[in-house]
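Construct all of the structure, not just a fragment, from the sequences and the given hints.
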Amino acid sequence: MKLSVAALCLMFLCAPAQGEGASGVSPGTIALQRVLEAVRRDNPEILAARKRWEAARQRAIQAATPDKPRLDLERMFAPSGKNVVNEADEKAVSVTQEVPFPTTLYLRYGAAVKDAAMKEQSYRAKLLGVTARARAAYAELFLADKGLAVFDENIGIMRRFSRVAESKVAAGKGSQSDALKAQVELTRMLNMRVALESESESSRAMLNALMGRDARAPLGVPEEPASALPPRSAEDLESEALSGRPELREAALAFDRAGDSLALARSEFLPDLMLQYRRRSDPMRGRTHDAVLGLSLPLWFWKPAAMVREARSEREMAQAELQATRVATRADVKVAWSKARASKRLIEAYRTTLLPQAESSLKVAEAGYQAEKTGFLDLLDAQRSLLSFKLEYYQHIAEYEARVAELERVVGWPLPVGLGGGTPAPGTPGADRGL
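Each residue of the sequence shown is one higher than the last, beginning at 65 in the working numbering.
Please note that a few of the clues may not be correct.
Unchecked claim - DSS-like mimics (lysine-lysine), calculated; alpha carbons at most 25 Å apart, straight line:
#1 Lys427 <-> Lys437
#2 Lys232 <-> Lys437
#3 Lys408 <-> Lys398
#4 Lys132 <-> Lys155
#5 Lys232 <-> Lys245
What the hints assert, rightly or not - Here are the simulated distance ranges between beta carbons:
#6 Pro347 <-> Glu374: 28 to 38 Å
#7 Ala370 <-> Asn150: 50 to 60 Å
#8 Thr160 <-> Leu363: 40 to 50 Å
#9 Asn150 <-> Gln126: 38 to 48 Å
#10 Met348 <-> Glu374: 50 to 60 Å
#11 Trp477 <-> Thr93: 53 to 63 Å
#12 Val233 <-> Ala406: 41 to 51 Å
#13 Arg280 <-> Glu374: 43 to 53 Å
#14 Ser360 <-> Ser297: 58 to 68 Å
#15 Val233 <-> Val399: 17 to 27 Å
#16 Ala406 <-> Val258: 29 to 39 Å
#17 Leu363 <-> Asp300: 51 to 61 Å
#18 Ala392 <-> Leu212: 34 to 44 Å
By construction, these hints were calculated from the structure, which means they are not laboratory data.
The beta carbon of each residue, even a glycine, is placed where N, CA and C say it ideally should be.
Given below as structure tokens:
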């Protein structure tokens, strides 16, 4: 579910008061850890990246191997009208092997090895990226389902308020406008719930797709994500990201490979070799054999010179991209860590302060309305505040999980799941279980 949808719901609230499947994911309740296991195992994007890496590993031996040798059979000086195969005067068999200059093969092998290593880092980046998307999608689904539960709870509260307002009107102690306001608010909540139902279905379809399942496959209710920030400072995480982020390692390997490509371009000034061995038979000399060593002549020197200039520019480009990735990594770690820490603090503030205060305010307003000490608008405002705070609370939980997922992707290694998780909002089922 897009976090903006929850924000849209909050904007409405602020208006004036007028069985397990093959993937191992249960259709009853689902846990984040099981979802991530299914994603790593079954996601087609991850599988494609892994196969791309495996294919690249096979190119190194290809790059270090010369082309196929050539076998020539010669039959010469056969008299006219005679069989050229059996009655030729001169017969020869030769084997020819063309090879690049020896250092060229070595450089090609090194470049292919680095290319395979780059594909490995690309695979690791894809693995972390897809699992981060799965964490975020799980959090969005959690937010959608919790939003539905919050709306159901508040719809029940509003129905109770509506009955109280109607009973006061019937007793001649209340205003008909209070009953109408309650009905309008109830209708608006029901409409907002419909939008959340749609987002819940969309989030389930997205999470199923990330797990490599059919979008319509049954998917249970998500448990509250319980990820925790690692007990490290932003500086420590930055240091680990600079050494472990796959994109950064890939950029460093690209720079190294660009150096090999430059050396390969320079080797174009060196001659390629041709080796040939031939056995010959003719009536005058009998059986003889020959050996040939041929060298290509890099006469058109402007071509390899242009290749060298191209390779030098590509190496400078790779160096600039490596520096850009380093700078972006430092910024990404700082941003993700700061946002995750802020979300965690907001979660605690809502859980320990705002939500209990909003619940107390609603109880006081309801008691005051029944005792005819406060108006219905005060009661309605208190109820809206509680609904808004609960939605914001779960939105911060989802935001926190998304930021932890982003931090995991940037740092380059999985962060723990199930350590120091959140707490249900006060007043909801399970709130008494604490951390």
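So, going through the hints one by one against the coordinates:
A hinted pair counts as satisfied when its Cα atoms are at most 25 Å apart, and lysine 427 with lysine 437 qualifies at roughly 13 Å. A threshold of 25 Å between alpha carbons decides the hint, and for lysine 232 with lysine 437 the separation of about 13 Å falls inside it, so the pair holds. This hinted pair checks out: lysine 408 and lysine 398 have alpha carbons roughly 15 Å apart, not beyond 25 Å. Between lysine 132 and lysine 155, the direct Cα distance comes to roughly 23 Å. Compliance with the 25 Å bound is thereby established for this hinted pair.
Taken as a hint, the lysine 232 and lysine 245 pair is honoured in the structure, with Cα atoms around 14 Å apart against an allowance of 25 Å. As the Cβ distance of proline 347 to glutamate 374 is approximately 56 Å, the hint placing it in 28 to 38 Å is violated. Against the hinted window of 50 to 60 Å, the Cβ-Cβ separation of alanine 370 and asparagine 150 comes to about 52 Å, which satisfies the hint. Under the hint 40 to 50 Å, the C-beta atoms of threonine 160 and leucine 363, about 22 Å apart, miss the expected range.
Between asparagine 150 and glutamine 126 the beta carbons are some 40 Å apart, a value that agrees with the proposed interval 38 to 48 Å. In this structure, methionine 348 and glutamate 374 meet the distance hint of 50 to 60 Å, their C-beta atoms being roughly 54 Å apart. Between tryptophan 477 and threonine 93 the beta carbons are some 28 Å apart, a value that contradicts the proposed interval 53 to 63 Å. A hinted range of 41 to 51 Å holds for the C-beta pair valine 233 and alanine 406, which are about 46 Å apart.
The given range of 43 to 53 Å is respected by arginine 280 and glutamate 374, whose C-beta atoms sit roughly 51 Å from each other. Distance hint for serine 360 and serine 297: a CB-CB separation of about 59 Å, consistent with the stated range 58 to 68 Å. Valine 233 and valine 399 have their C-beta atoms about 54 Å apart, which leaves the hinted 17 to 27 Å range violated. The beta-carbon spacing between alanine 406 and valine 258, approximately 32 Å, falls within the hinted interval of 29 to 39 Å.
A beta carbon spacing of about 58 Å between leucine 363 and aspartate 300 agrees with the range 51 to 61 Å that was offered as a hint. About 38 Å separates the C-beta atoms of alanine 392 and leucine 212, a value consistent with the hinted range of 34 to 44 Å.
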